[in-house]
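Model the full structure from these sequences, guided by the hints.
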Amino acid sequence: GENVEQHPSTLSVQEGDSAVIKCTYSDSASNYFPWYKQELGKRPQLIIDIRSNVGEKKDQRIAVTLNKTAKHFSLHITETQPEDSAVYFCAASGYSTLTFGKGTMLLVSP
Amino acid sequence: NAGVTQTPKFQVLKTGQSMTLQCAQDMNHNSMYWYRQDPGMGLRLIYYSASEGTTDKGEVPNGYNVSRLNKREFSLRLESAAPSQTSVYFCASSDQGAQGYTFGSGTRLTVV
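Just so you know, the sequences run in chain order S and G. Its first residue numbered 805, the first sequence is counted upward by one per residue in the numbering used here. Its first residue numbered 10, the second sequence is counted upward by one per residue in the numbering used here.
Since the hints were derived computationally from the structure, they do not count as laboratory data. There's no promise every hint is true.
[Claimed, not checked] Derived lysine to any residue pairs resembling SDA-like cross-links, with alpha carbons at most 20 Å apart:
| id | chain 1 | residue 1 | chain 2 | residue 2 |
| --- | --- | --- | --- | --- |
| 1 | G | K18 | S | K875 |
| 2 | S | K906 | G | V69 |
| 3 | S | K846 | G | T111 |
| 4 | S | K906 | G | K18 |
| 5 | S | K875 | S | G859 |
| 6 | S | K846 | G | T95 |
| 7 | S | K846 | G | S114 |
| 8 | S | K846 | G | R53 |
| 9 | S | K862 | S | H880 |
| 10 | S | K906 | G | R117 |
| 11 | S | K872 | S | P886 |
[To be verified] Far from chain G, by Cβ distances over 10 Å, these chain S residues were calculated:
| id | residue |
| --- | --- |
| 12 | G805 |
| 13 | S813 |
| 14 | R847 |
| 15 | D853 |
| 16 | S856 |
| 17 | E860 |
| 18 | Q864 |
| 19 | E887 |
| 20 | D888 |
| 21 | S889 |
| 22 | L902 |
| 23 | V912 |
This one's a predicted model, so the numbers in the text were calculated from it and none came from an experiment. Built from N, CA and C at the ideal position, the CB exists for glycine as well.
See below:
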């Protein structure tokens with residue numbers, strides 16, 4: 805089955821800095837790669853996703869890049885704000901189910 | 010339009026007790042999922058139902074059973090709870106396979 809590795813497990817940045825979280829996956833058949841944000845005590849919420857026919861996608865301060873050859877994808881957050889502090893999960897899927905990474909706790913200090 | 014509703018939100022069980030976690034969605038989604046979340050382990054799939062009438066095992070199915078009661082409802086049952094099943098359980102649904110999951114608010118289960 806699919807295996808998703810996520811790094812780093814924790815990331816501390818100053819407000820205004822950029823943050824990058826990286827994931828690798830094992831199943832070359834996977835073609836959908838979402839990112840979820842989970843605030844403390846709340847449910848995971850989809851923030852951005854990318855499909856295998858696209859190399860990069862942006863949504864305001866958030867971008868995701870995908871390298872299918874190397875089987876890795878990354879989340880980039882620019883101009884970080886304290887409200888970006890949360891746990892971020894990457895995931896990969898072929899069709900039926902999502903396999904999640906173990907999460908990255910992002911701490912943005914004012 | 011409530012989305013995905015899970016009950017209960019919190020539960021404490023004694024080892025060996027049984028219970029059923031309920032999940033219902035009102036978005037007419039075909040697929041439903043149960044995940045467990047443990048510190049440092051991410052979200053791990055327990056069981057899923059790709060469509061009404063079908064269920065399949067995920068990564069960590071041992072100790073659990075599921076029922077897709079109808080298109081709206083997907084329940085998770087612990088027949089004999091163990092401390093290792095202490096976790097936060099999330100139900101999710103989607104309309105297009107794995108794309109566009111909507112999660113419920115979670116059930117925090119403690120087994121003592």
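Right, here's what the structure says about each hint:
1. Among the hinted pairs, K18(G) with K875(S) is inconsistent with the structure: their alpha-carbon atoms are about 37 Å apart, more than 20 Å.
2. Only pairs whose Cα atoms come within 20 Å are accepted, and K906(S) paired with V69(G) is accepted, the gap being roughly 15 Å.
3. Among the hinted pairs, K846(S) with T111(G) is consistent with the structure: their alpha-carbon atoms are about 13 Å apart, no more than 20 Å.
4. Distance check on the hinted pair: K906(S) and K18(G) sit about 23 Å apart at the alpha-carbon level, beyond 20 Å; violated.
5. Taking the CA atoms of K875(S) and G859(S), the gap is about 12 Å. The hint holds against a cut of 20 Å.
6. A threshold of 20 Å between alpha carbons decides the hint, and for K846(S) with T95(G) the separation of about 18 Å falls inside it, so the pair holds.
7. Between K846(S) and S114(G), the direct Cα distance comes to roughly 6 Å. Compliance with the 20 Å bound is thereby established for this hinted pair.
8. At roughly 17 Å between alpha-carbon atoms, K846(S) and R53(G) fall within 20 Å of each other, so this suggested pair holds.
9. With a C-alpha separation of about 9 Å, the suggested pairing of K862(S) with H880(S) holds against the 20 Å cut-off.
10. Pair hint K906(S) plus R117(G) holds up; C-alpha atoms about 19 Å apart against a cutoff of 20 Å.
11. This hinted pair does not check out: K872(S) and P886(S) have alpha carbons roughly 32 Å apart, beyond 20 Å.
12. Once the 10 Å rule is applied to beta carbons, G805(S) is inconsistent with being away from chain G; the minimum gap is 7 Å.
13. Residue placement check: S813(S) does not keep its beta carbon more than 10 Å from all beta carbons of chain G (closest about 7 Å).
14. The beta carbon of R847(S) sits about 4 Å from the closest Cβ of chain G, which is not more than 10 Å, so the claim that it is off the interface is violated.
15. The beta carbon of D853(S) sits about 7 Å from the closest Cβ of chain G, which is not more than 10 Å, so the claim that it is off the interface is violated.
16. Consistency note on S856(S): stated as away from chain G, and its beta-carbon is indeed over 10 Å from all of that chain's, at 12 Å minimum.
17. Taking the minimum C-beta to C-beta distance to chain G, about 19 Å, the non-interface status of E860(S) holds against the 10 Å cut.
18. With a least beta-carbon separation of about 20 Å from chain G, Q864(S) lies farther than 10 Å from that chain, consistent with its non-interface assignment.
19. E887(S), annotated as away from the interface, keeps every beta carbon of chain G farther than 10 Å; the closest lies near 20 Å.
20. For D888(S), the non-interface assignment is confirmed: its Cβ lies about 19 Å from the closest Cβ of chain G, beyond the 10 Å cut-off.
21. Against the 10 Å criterion, S889(S) stays outside the reach of chain G, whose nearest CB is about 17 Å from its own CB.
22. The beta carbon of L902(S) is not kept farther than 10 Å from every beta carbon of chain G, the shortest such distance being approximately 5 Å.
23. No beta-carbon of chain G comes within 10 Å of the beta-carbon of V912(S); the shortest separation is about 21 Å.
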